[in-house]
Structures are given as structure tokens and as C-alpha cells.
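The task is simple: from the sequences and hints, build the whole structure.
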Amino acid sequence: MCETYRGARLITHNPYAYFARTAQFFAQKNAIPVRSGIHPTAFVDPSAKVSSTASIGPHCTIDADAVIGQYCVVESGCYVGRGAELGAHTHFFPNVTFYADCRIGERGIIHSGAVIGADGFGFANDAGAWIKIPQTGRVVIGNDVEIGANTSIDRGALADTVIEDGVKLDNLIQIGHNVSVGAHTAMAGCVGIAGSAKIGAHCTLGGGAIVLGHLQLVDHVHVSAASVVTRSLLQAGTYSGVFPIDNNDSWQKNAATLRQLHSLRDRIKQLESGLPQRG
Amino acid sequence: MCETYRGARLITHNPYAYFARTAQFFAQKNAIPVRSGIHPTAFVDPSAKVSSTASIGPHCTIDADAVIGQYCVVESGCYVGRGAELGAHTHFFPNVTFYADCRIGERGIIHSGAVIGADGFGFANDAGAWIKIPQTGRVVIGNDVEIGANTSIDRGALADTVIEDGVKLDNLIQIGHNVSVGAHTAMAGCVGIAGSAKIGAHCTLGGGAIVLGHLQLVDHVHVSAASVVTRSLLQAGTYSGVFPIDNNDSWQKNAATLRQLHSLRDRIKQLESGLPQRG
Amino acid sequence: MCETYRGARLITHNPYAYFARTAQFFAQKNAIPVRSGIHPTAFVDPSAKVSSTASIGPHCTIDADAVIGQYCVVESGCYVGRGAELGAHTHFFPNVTFYADCRIGERGIIHSGAVIGADGFGFANDAGAWIKIPQTGRVVIGNDVEIGANTSIDRGALADTVIEDGVKLDNLIQIGHNVSVGAHTAMAGCVGIAGSAKIGAHCTLGGGAIVLGHLQLVDHVHVSAASVVTRSLLQAGTYSGVFPIDNNDSWQKNAATLRQLHSLRDRIKQLESGLPQRG
Numbered sequence: 560m561c562e563t564y565r566g567a568r569l570i571t572h573n574p575y576a577y578f579a580r581t582a583q584f585f586a587q588k589n590a591i592p593v594r595s596g597i598h599p600t601a602f603v604d605p606s607a608k609v610s611s612t613a614s615i616g617p618h619c620t621i622d623a624d625a626v627i628g629q630y631c632v633v634e635s636g637c638y639v640g641r642g643a644e645l646g647a648h649t650h651f652f653p654n655v656t657f658y659a660d661c662r663i664g665e666r667g668i669i670h671s672g673a674v675i676g677a678d679g680f681g682f683a684n685d686a687g688a689w690i691k692i693p694q695t696g697r698v699v700i701g702n703d704v705e706i707g708a709n710t711s712i713d714r715g716a717l718a719d720t721v722i723e724d725g726v727k728l729d730n731l732i733q734i735g736h737n738v739s740v741g742a743h744t745a746m747a748g749c750v751g752i753a754g755s756a757k758i759g760a761h762c763t764l765g766g767g768a769i770v771l772g773h774l775q776l777v778d779h780v781h782v783s784a785a786s787v788v789t790r791s792l793l794q795a796g797t798y799s800g801v802f803p804i805d806n807n808d809s810w811q812k813n814a815a816t817l818r819q820l821h822s823l824r825d826r827i828k829q830l831e832s833g834l835p836q837r838g
Numbered sequence: 560m561c562e563t564y565r566g567a568r569l570i571t572h573n574p575y576a577y578f579a580r581t582a583q584f585f586a587q588k589n590a591i592p593v594r595s596g597i598h599p600t601a602f603v604d605p606s607a608k609v610s611s612t613a614s615i616g617p618h619c620t621i622d623a624d625a626v627i628g629q630y631c632v633v634e635s636g637c638y639v640g641r642g643a644e645l646g647a648h649t650h651f652f653p654n655v656t657f658y659a660d661c662r663i664g665e666r667g668i669i670h671s672g673a674v675i676g677a678d679g680f681g682f683a684n685d686a687g688a689w690i691k692i693p694q695t696g697r698v699v700i701g702n703d704v705e706i707g708a709n710t711s712i713d714r715g716a717l718a719d720t721v722i723e724d725g726v727k728l729d730n731l732i733q734i735g736h737n738v739s740v741g742a743h744t745a746m747a748g749c750v751g752i753a754g755s756a757k758i759g760a761h762c763t764l765g766g767g768a769i770v771l772g773h774l775q776l777v778d779h780v781h782v783s784a785a786s787v788v789t790r791s792l793l794q795a796g797t798y799s800g801v802f803p804i805d806n807n808d809s810w811q812k813n814a815a816t817l818r819q820l821h822s823l824r825d826r827i828k829q830l831e832s833g834l835p836q837r838g
Numbered sequence: 560m561c562e563t564y565r566g567a568r569l570i571t572h573n574p575y576a577y578f579a580r581t582a583q584f585f586a587q588k589n590a591i592p593v594r595s596g597i598h599p600t601a602f603v604d605p606s607a608k609v610s611s612t613a614s615i616g617p618h619c620t621i622d623a624d625a626v627i628g629q630y631c632v633v634e635s636g637c638y639v640g641r642g643a644e645l646g647a648h649t650h651f652f653p654n655v656t657f658y659a660d661c662r663i664g665e666r667g668i669i670h671s672g673a674v675i676g677a678d679g680f681g682f683a684n685d686a687g688a689w690i691k692i693p694q695t696g697r698v699v700i701g702n703d704v705e706i707g708a709n710t711s712i713d714r715g716a717l718a719d720t721v722i723e724d725g726v727k728l729d730n731l732i733q734i735g736h737n738v739s740v741g742a743h744t745a746m747a748g749c750v751g752i753a754g755s756a757k758i759g760a761h762c763t764l765g766g767g768a769i770v771l772g773h774l775q776l777v778d779h780v781h782v783s784a785a786s787v788v789t790r791s792l793l794q795a796g797t798y799s800g801v802f803p804i805d806n807n808d809s810w811q812k813n814a815a816t817l818r819q820l821h822s823l824r825d826r827i828k829q830l831e832s833g834l835p836q837r838g
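So the sequences go chain by chain: A, B and C. Heads up: the first sequence begins at 560 in this note's numbering, then just goes up one per residue. Heads up: the second sequence begins at 560 in this note's numbering, then just goes up one per residue. Heads up: the third sequence begins at 560 in this note's numbering, then just goes up one per residue.
Read the hints as simulated data drawn from the structure, not as lab findings.
No copy is singled out in the list; a pair is fine if it fits within one copy or between any two copies.
Below are the BS3-like pairs computed for lysine-lysine, each with C-alpha atoms no more than 30 Å apart in a straight line: (1) K812 to K757; (2) K691 to K757; (3) K812 to K828; (4) K691 to K588.
Here you go:
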């Protein structure tokens, strides 16, 4: 473990990860132990299977046939739908909603206000009115996934919405139906992924980025904050698309000119073609 | 119903809507029947009127004078405020918050985490500090409206915020106070509509689109995802405004040049004026 | 109080603030009085200190060592974490989540679905996997702060996230860990502030604006709606950066040309240099 670097002994090649693990060690040491058992104010359907090592907080509802794994902590006010499954050591902070038939693996963390498994946004237009398409898929989440506050992940229309192992989602993110997110991808707050997009593994999406529906991002794609992905990104790399901020007066002038950009290009062409002819 | 098209018998002119209706038929057939009645853990104020055919889930709070219509389903952890009204066959998924005096029509669907009727964002500035303007209007929602997870619709300041029949709102949408949304308009996830905007009927707004306050969009306006509506759109049609995504290096060069766009235009003008003079 | 202006007696120099105060007066007059006490369905840990003048609604959970000040109203379904503190006259609307050790001052208002104190988004990358960094700071909120529906404010990593007196946050806003927001700053809906940004006092951020991490905005900076702040703004003023919306066809032409903007600049340079040489 200990190597030397320029004569000094190296504790680690990755000090940030080392710090993270050390901080985890002390945080766990100082953590207040969670009492296992079902709080008397919780309602647990008799057909649900709750591990005896799990903790179900006040005012929770655990619906029929739900499965709560070993050492799970489900805090106050959470709802776990019919037939949903929580892997061992998963932690729901207060007021999480987890719809019927959805699954999350081991060591998952879901923060308050997150909604997993609401209906995807699927409608057929019939003479101007929208006819709802039942959303009969699930949300299937791997191991070691963390989901931020007020983030929502929709269930699939027919197939499932899939979040692979090690994915980290920040707050207020929207994941549409039938999206798949590859392992160890991380998304910052306020990202929106439209339906059926396929996001690769080890990707990062900056805060407020938007990915349109049915697009593909291959592994190791990095999208800058607030950029809008309007086409598939089939090569690893960093992609950006943000209007540069400026003082308001300059922006107004440049933005107004932007509307004439195509015609400016034509005028440059004209100028260029004019020059040789006049030679 | 059955016509012929090039010799074949047509089942439908709109196969997608036909699929939606067929899928609804099978979904209803397979649905687990909801038990009517008030769960023993729910708190229903004695002055509330709850239809005997309605279902009130665990840990719900139904406040004074609220009215819950026939065959309504209010799932676990929902809050229905004082004097609020839910039309027949309306379904609140778990953990919906519906403030005092708000109304929703028949066959409404509200997904988890949605907040209907919170105070609009109204303050007067007095010597640098913000003085709250009480928000005394309501949210009034028509029939056949679906509202996504963690979406919020603010109550009006004096008049009401109005959502007309057949509107479909996806997740994590913000609707400001005194907005009106016309019938059968649909908005994808993460849209933000600022206060007092008037959105027409049969409009669509792509994910992440923003509409500034007090603007008007006429019927049949379609706004592309992530576009920012900074002026009223008074003609039906499709509108866009998104910085194109590019690899980061190219974006950086182009974005930097964008700040000089107005002066580039002037230089083109200069070049153009130079040419004839030299003829 | 009463002065004269062009012979007329002035009631106020600031009619909008005067209206706000008058409306507050009538709203309070018409308000239904809140009953103090703890609802029988609420769960309050025996070690929590709840003022006898406070009101704790149905299905609330008040965790160990929490402090609820005088005349606080905590509505149905709220969660107040271990050791959290609410100043006098603070009002939580239904279904607020307030994590352990967070604090809010006097006369605070938090709307439904807001989540205060969830873990910041902090991970170290170790050979492709993300290692969680425990978030051990708090959220510390001053007096007279209002926080909108479904807004989330993350707790700090080591130090605290700080929201100063008089700040007003609209709905669906994301405030990252270790952010500080100066007094009397207001943010409209859907704003995202990334971690460790320092926002000055008396700033305004329009709806959907994004501020990247670790940036500084000095006092009296105003950011237009949907603008992305990619560098520190060290001078008071108004800043903008939004792609102008256009009909879709024009936008497509201009956006396509935008990708060539840098080379267009080069072509203009070439033209300019060409002219004198030919003289």
C-alpha cells in the first residue's frame, strides 16, 4: 500500500478517494445506531416481508407483497408500493415514494422527496385529446446507487427503466420512461433525461443538462452543465453547448445579431466571391 | 369502424390511439381492485365530505370542509387542504399535497410529490427587503388532467391559476401564480412557466422549456425542448432557441466568438461598403 | 407618513410595498386561527422540545432533541430531524422534510415538498467507481426566509450551507452543498446553484438560471432567466446569456451556422487583410 514518491512514502495514489473512505470510517463511528423494528405508527401490509434487522420509521406505508431486505432503513413517511423490493442495507430518507413493483439493489440511498416509478409521460393524440398509455414497466435499480432529493425516475411503458450499479444522481433530476443509465454514471442537479434515452457507463452530466428522447450516449461521454443534447453522442469525449453569459447590453446586441447569422454567412460568401472577380 | 385502405380492412385511422385504448382495457382488467373506505391511520376532519365509494389511504390528512368525490383514490400520505375539492374518479398517488380551496375535476391523476396550491412567488421590495404579498387565489384544474411527480402549481395572487380540461403535465414542472394553461396542452419534464403567462390550447412544450412571465402563447404553439420563450408567440407554429451542442473545443471557440458577433456584423458592413467605393 | 406630491397627499412612496402590507393585514384578519398542540397522530420523540404555543399537525414526526419554537406551525406529514431547530413563528406547510441538525430562524416559511439538509453531491472517483464523502455540515437558514415547494437545499460537506436573512426562494430550486446566499437575495423557480457558489446580498436570479460551482456573485448582481453563469460576476449589474427563440426554420439555419462562427471570423479577417493589399 505504501510506496515512495520522490523519496517520500506515499499513503495513496488517490488522496481524494482515501479521504472519502477515511471520512466514511469516522462518520460511521459517530453515527447514532438505528433501532431495528417497525414503528408502531407505521402501516405494514401483512403480506409484506420485512427483515427483522430492518427499521421502518413512523408513518411509513409498506404495501402488499413488498420485500424489505436486511438492515434496510426506511425513514418516516416513506411509501413502498405493492411488490416492490429493497436490497440489503438500503436507506430511504423520510418521505420517499417507491411505486409498485420497482426494485433497488443493495446499499442504495434514496433522499427525501424522491419519486421512483411514477407513470412515464405516454399519451396518444386522438383528434386533439390525449389518450393515456398505461405504463406497465418497472424501475429496476442496481447496487450502490444514490438518488438525490426530489428526483423522479419514471417506470417504463412496456419494458423497464434501468439504472445500473454505482450510478449517482443528484437532486431534482428527471429520468423519463424506458431510459437506461449505465454503471457508475453521475448526474448533477436539475438534469433531465427524456424517454428511451440510453446513457452509457462512466458518463457525467453537468447540472441542468438536458438529453432528448431516444438518443444514445456511449460510455465516457461528459456533457457540460446546462448543455442540451440534441443528437446521439457516439464518441467518448466532452461536449458543450451553452450561450455565454455577458452583461445584459452586450448580450442583447449579440443575441439580436444571432438571428441574422445565416444571412451574415451569405454576405461573407458574397464578399469572398466578389474579390477574385474584381482582380 | 372498419374501412378499407388499398384493399385491406382498416381497424383504425389512428393506430397509436387505438393501441392506447386497447392497453387501457387490459390494464384495467389486470388492475387490483381498490377497496373503498378510510384507512384507520388516516385523519379525516369531521366536516370533510368523503364519498362512500372513495378510498383514503394510510396516513392521509383530509382537512376541514374538503370534498372527495365518488370513486376517488387518495393514496398513502396525501394531504388535502381545507375546502379543497376532488372530482369523481380522481386518483392521487402517495404523498401528494393539495392546498386549501384548490379544485380538480373528474378523472384527474396526480403523481407523488406534486404540490398544488403553494403560495405564488409574490413580494414587494421595500428598501431592499421583500414584503410578502398574500396569495389568496386558488388553483382550479379541469377534467382529465394528469400531473407528474414533484410538479408544482402555485395558487393565484388574487385571481386563480387555471389548468383547463385534458392538460397533461410531466414531472418536475413549475407553474407560477395566475398562469392559465389551455385545454389539451402537454408539457414535458422540467418545464417552467413564470407567473401570469397565458398558454393556449393544444400547445406542446418540450422538456426544460422556460416561458417568461406575462407572455401569451396562442393555441397550437409548439416550443422545442430547452427553448426559452422571451416574447409572446402570437402565431401557431414551432419555435426553437437552443445553443447547438458540439465537442467542447469547438464550442469554446464559437462561444468566445459569439461575444464579438455584433462587431463582426459591423465589420461585414464595412467590407461591403468598401467594395463599391473601390469599383 | 403622509407627504404631498404635486399638491396631492402621498400615502406612500412605495405603493406596491404598501399594497403588500395592507393585503397582509386583511389576510391575517381572515385567517382561520391555528390550534396549538400536538395532533394525536403525530409522533414526537420525548427528547424533543416543542413550545406549548406551537402546532404539530397530523402524521408529523419530530425526532430526538429537535427544538420547535414559539407559535411554530408544522403541518401534516412534516419530518423534523434529530437536533433540528425551528425559530419562533416558523411555518412548515404539509410534507416538508427537514434533516437532522439543520436550523431555520424566526418567521420562516417552507412550502410543501421542500427538502432541507439532504446530503450534498460529493463523491471521490476511485478506478471508475464513486466513493461517497459523508456530508457532515448543516443547513443554517436566517430569519424571514421563504422556501418554495419542492425546493431542495443540501447540507454542507464539512462546513455549512448558509441562507441569510430575508432570502426568498421559489419552487423547484436546487441549492448545492456549501453554497452561501446573501441577505435579501431572491431566486425564481427552477434555479440551480452548484456546490460552494457564493451568492451576494440583494441579488436576483431569474427562473431556470444556473450558477456553476465555486463561483462568486457579488451583491446586487441580477441574472436573467435561464442564463448560465460560467464565471464569477464581480461587478454589480445585470447579466444575460440566452439563445433567442425564433421560428424553428430560422433557428435551424442560424444554429447550424453558429457551429462555423469561429471560421466565419477568420474569413472576415482574411477579407479585411485582403482589401488593403489590393489597393
